[in-house]
Amino acid sequence: MSEQKPVLNKAGTISIEATQQASRPKRRSYRIEIDSTKNGSSWWIPFVSVLLALIVCGIFIAANGMNPFPVYKKMFTGAFGTSYGLTETLVKTIPLLLCGLGVAIAYRISVWNIGAEGQFAAGAMAATAVTIYFPTMPGLLIIPTMIVFSIVAGGIWGLLTAIPRTYFQVNELVTSLMLNYVALLAMDYFVFGPWKDPKGMNFPGTPMFTEAQSLPVLGDTRLHLGLLFGIIAIVLYGFFIKYTRWGYELRLIGANPEAAKNAGIRISRHILLVMLISGGLAGLAGMAEVSGVTHRLMYGISPGYGYTAIIVAWLAKLHPIGLVVSAFLFGGLIVGGYSVQTIGLPSSISEMLQGAILFFLIAGGTLSKFRLRRIR
Amino acid sequence: MKPYKKAMFTGAALLLSLVLVLSGCSGNNANKNANGGATTKPTEAATEGTATDEPAKLPRVAFVYIGPPGDGGWTFEHDKGRLYMEEKLGIKADTVENVPESADAERIITELAQNHDVIFTTSFGYMDYTLNVAKKFPDVKFLHTAGYKTNDNMGTFFGKNYDASYLSGIAAGKVTKKNVIGYVGAFPIPEVIYNINAFALGVQSVNPDAKVSVVWTNTWYDPTTERQAAVSLLDKGADVLLAYQDSPATLQAAAERGAMAGGNDSDMTRFAPEAYLTNPIWNWGPYYTKTVQDIIDGTWKSEQYSGSLADGMVDIAPIGPSVPEDVKTLVTDTKAKLINGELNVFTGPITDASGAVKVEEGKTLTLDDILVMDWFVKGVEGTIPK
Chain W
2 MSEQKPVLNK AGTISIEATQ QASRPKRRSY RIEIDSTKNG SSWWIPFVSV LLALIVCGIF
62 IAANGMNPFP VYKKMFTGAF GTSYGLTETL VKTIPLLLCG LGVAIAYRIS VWNIGAEGQF
122 AAGAMAATAV TIYFPTMPGL LIIPTMIVFS IVAGGIWGLL TAIPRTYFQV NELVTSLMLN
182 YVALLAMDYF VFGPWKDPKG MNFPGTPMFT EAQSLPVLGD TRLHLGLLFG IIAIVLYGFF
242 IKYTRWGYEL RLIGANPEAA KNAGIRISRH ILLVMLISGG LAGLAGMAEV SGVTHRLMYG
302 ISPGYGYTAI IVAWLAKLHP IGLVVSAFLF GGLIVGGYSV QTIGLPSSIS EMLQGAILFF
362 LIAGGTLSKF RLRRIR
Chain Y
430 MKPYKKAMFT GAALLLSLVL VLSGCSGNNA NKNANGGATT KPTEAATEGT ATDEPAKLPR
490 VAFVYIGPPG DGGWTFEHDK GRLYMEEKLG IKADTVENVP ESADAERIIT ELAQNHDVIF
550 TTSFGYMDYT LNVAKKFPDV KFLHTAGYKT NDNMGTFFGK NYDASYLSGI AAGKVTKKNV
610 IGYVGAFPIP EVIYNINAFA LGVQSVNPDA KVSVVWTNTW YDPTTERQAA VSLLDKGADV
670 LLAYQDSPAT LQAAAERGAM AGGNDSDMTR FAPEAYLTNP IWNWGPYYTK TVQDIIDGTW
730 KSEQYSGSLA DGMVDIAPIG PSVPEDVKTL VTDTKAKLIN GELNVFTGPI TDASGAVKVE
790 EGKTLTLDDI LVMDWFVKGV EGTIPK
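Line by line, the protein sequences are chains W and Y. Using our numbering, you'd call the opening residue of the first sequence number 2 and step up by one each time. Using our numbering, you'd call the opening residue of the second sequence number 430 and step up by one each time.
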C-alpha cells in the first residue's frame, strides 16, 4: 500500500515520495531525494568504504575460522610495521602512484582511460629497448633516455585511444582496454623472442640490466629513485590543476562539459593532451619498474598495477594528496596480503579487500546522492 | 533551500559521529590486536623453550609455492613432502602459496629469511631471487628446485624425471590408435624440453610411427590456458595427451573427449580414472626430511642434488585402470632396466627434428648436456623459440 510519484522540486532535486501505511494507525511518510547536482564526492566516502570493506572481509576471515583482528594486524605490520616492509610498500606505491595519477588526470575530464596496464607495458618495453639497442650508452645519458622513451611510448599508447575518441567518437573504454592486451602480447613477443636473454636457458626474460641502466636504490633496500618521479609528478599535477589556466579548463570540462564548450574551450584538444600525459605517466611507471625493481623486462612484469591504479584514483577522489595516500595504502595491501599467508590464510584476502573497497566506493558515491527524509 | 541545507548538515554531522564511533571501535580493536599479539607471544616463547630443552634446536622451515597446494600436481606434491617432513622431524613449517616468479618473490623470500633458518623455493623462476636473498642472509639455508645457480648457503634439488617421462612414453606409444600424441608444455626451457624428448623416445621405442605434437602454454599453473592447449591438440586429432603442467586440466579435457591422458608431478587417477594413462611423479618427502636433518646435524653442504628412480624421488604413477596389462608389465620391466643401468634414455643414435645426428651410436648424453637441452628429437612436432 504505497504510492510513488517522482517530483522535480525547486531546488533542482528529484524526489520520490513514498507514503506508507504502517500497521499502526499512525501515518508515516518518507521521501527519498536524489540530488542530481551532487556528484557524489563527499570526502568521507573513501574512509567509510575502507572501513566497511575491512568489516565485510573480516566476516569472511571469521568464516574461515580465523580471528580477523590478528590477521589485519599481521597485514598491517607486514606492510608498515617494519622498515623492510615499509620500503617494500613504497616500492609498490611507485607504479600505483604514477599509473593512478595518469588515470586520475583522464578521469578529471571524464575520459575513462582503463588502459594504464597497456601504457605501463609500452613504457617498460621502450625503456628496455634502449638497453637492448644502445647497450654501451654512458651512464649519465642512459637513464634520461630511458625515461624519455618510456614517456613517449606510454603517451603514444594513450593517443591510440584518444585519437579515435576525439575524431570518430569511439568509446575509449573499449579501445583502452583492448590496447592493454595488444601491449601485453607485444611484450610477450619480445621477451619470448628477439630480446630473450641468450644465457637465460630459454626462460622468458631479457638480459639483466647493467648498473648504469638501473635506477639508484636506497641503501640495500629495493626502494628506488622512481619514488621521486612520483612525488614530482604529484606536485606538478597539484600545481597545474590549481593555478594554471589549463588546470582551470580541465576542472571546468570535468564539472560541466556543455558550459566548457560554450565558453569556447576546445575539448578535443584537451582530450588528446590529457591522454598523452595519462599514458606518459603510466609509461614512466613501466620504466621505473623495469629499471628500478626487476632490472629486466620479463614475462608477467605487472601484477595488474594498471587496473589497481583505477581503484587508487577513485579512492583518492582524483585529489593529489589523496593519490599519495591511497597508492601507499594499496601498496601496503599488496605487501601485507602475502604476509597473512604465513598464518594460514590465502593471499587472495588482499584482492578481496581491494575489490570490496572499490565496491563500497562506487556504492557510496551513488548512495550519497540519496536523502531519506521524513515528511511531517 | 534552507531546511534542505539544515538536513544536510544534520546528516553530515550524524555520519561524522558514526565514523568517529566506528573508528573508535577499530581503535579498541587495535588494542585487542595488541593484546592478542601479546598473548600469542608467550606461547611462541613456550614452544621455543621446549625446543631449546631438546639437544638440538629445531630449525624454522619455510616453503615458497608457485601455485596453491590444491593444484593437484606440482605444489600438491611439494606440500605432501612438507607434511611428510613435518611428521618425521616434528617441525611445523610455514608456507606461502601463489607466489609469482617476479619481483614479489624476492620480497617474500626476504621476509621469510628474516625469521626462518631453512627456505625451500619450489619453482625454477625463483632462481635469481633466491640467489639475491641468499647473498644477503648467509646464515639461512636456501634450497631451490630445478635451477642451476648455487651459493655457499644455497643448494638446488631436482630429479632425473626424464626416466619417468620415457616410461610414460612407452605407455602412450602403446595405447595410441591414431599415432598422434599431444604434449602440453609449460615453458620452452631445458627441463621441459628434455622431458618431451624422453617421452618421445619412449613412444618411439614401442611405436616408431607415432608423432608427438607440442603446444606451449607459457605458464606453470593456469588450468584455463592448460585446458585450451589440450583442446587444440585434441582438435588436431591427438588421442593421447601428456602435460608438463601443474594441474590436471589436460587430463580432464581429454576425458571429456574420450581420449587418454596423463599429467605431471602427481598421481592424477582420481580426476578421471577411465581416461588416465600415467605420468612422472615426485616424492619430495624423504629429501626434505634428510636435508633438514642434515642441517640440524650441521652436516649440510651446498650441492646440486639430483634424485632418480633408484632413490625414489622420481617415479611413475600407477598405470591407469583401462591400460592393458601387457603395457603395465612392459613399463615395470623397463623401469627395472633404467634403475640397474642396463638402459639409458639418452643413448645414441639420436637425431634432432631436422635429421642432424645429436648423439652418436654408443654414446650417452651426460647430465650436464641434458640440463641445457634446446632441441627436439626427431618425431616431435613443435617449435622451440630461439
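Treat the hints with care, since some could be wrong.
[Stated by the list, open to error] The list that follows gives simulated cross-link-like pairs (lysine-lysine, DSSO-like), each with its CA atoms no further than 30 Å apart: (1) Lys200(W) with Lys521(Y); (2) Lys509(Y) with Lys75(W); (3) Lys486(Y) with Lys197(W); (4) Lys578(Y) with Lys815(Y); (5) Lys75(W) with Lys665(Y); (6) Lys564(Y) with Lys75(W); (7) Lys197(W) with Lys578(Y); (8) Lys75(W) with Lys792(Y); (9) Lys370(W) with Lys578(Y); (10) Lys730(Y) with Lys197(W); (11) Lys564(Y) with Lys200(W); (12) Lys486(Y) with Lys200(W); (13) Lys370(W) with Lys262(W); (14) Lys509(Y) with Lys200(W); (15) Lys75(W) with Lys521(Y); (16) Lys521(Y) with Lys197(W); (17) Lys197(W) with Lys509(Y); (18) Lys730(Y) with Lys564(Y).
[To be verified] Not close to chain Y: a few residues of chain W, all C-beta gaps over 10 Å, as computed: (19) Gly79; (20) Tyr85; (21) Pro165; (22) Arg223; (23) Pro347.
What the hints contain is simulated information worked out from the structure, not anything from laboratory work. Ideal Cβ placement from N, Cα and C applies to all residues, glycine included.
Now the hints, each set against the structure:
1. Lys200(W) with Lys521(Y): Violated, at about 38 Å.
2. Lys509(Y) with Lys75(W): holds (27 Å)
3. Lys486(Y) with Lys197(W): Since the Cα atoms of Lys486(Y) and Lys197(W) sit roughly 45 Å apart, the hinted pair is violated (cutoff 30 Å).
4. Lys578(Y) with Lys815(Y): holds (22 Å)
5. Lys75(W) with Lys665(Y): violated (50 Å)
6. Lys564(Y) with Lys75(W): Within the cut-off at roughly 27 Å; holds.
7. Lys197(W) with Lys578(Y): The given pair, whose Cα atoms are some 19 Å apart, holds under the 30 Å limit.
8. Lys75(W) with Lys792(Y): violated (57 Å)
9. Lys370(W) with Lys578(Y): violated (60 Å)
10. Lys730(Y) with Lys197(W): Judged against 30 Å, a Cα distance of about 33 Å means the pair is violated.
11. Lys564(Y) with Lys200(W): Answer holds: Lys564(Y) to Lys200(W) is near 21 Å, not above 30 Å.
12. Lys486(Y) with Lys200(W): violated (41 Å)
13. Lys370(W) with Lys262(W): Given that 30 Å is the threshold and the Cα spacing comes to 26 Å, the pair holds.
14. Lys509(Y) with Lys200(W): violated (34 Å)
15. Lys75(W) with Lys521(Y): holds (19 Å)
16. Lys521(Y) with Lys197(W): Given that 30 Å is the threshold and the Cα spacing comes to 40 Å, the pair is violated.
17. Lys197(W) with Lys509(Y): violated (35 Å)
18. Lys730(Y) with Lys564(Y): Between Lys730(Y) and Lys564(Y) the Cα gap is close to 16 Å, so the pair holds against 30 Å.
19. Gly79: Gly79(W) not clear of chain Y: closest Cβ-Cβ about 7 Å, inside 10 Å.
20. Tyr85: Violated: least Cβ distance 7 Å, not greater than 10 Å.
21. Pro165: holds (30 Å)
22. Arg223: violated (7 Å)
23. Pro347: violated (7 Å)
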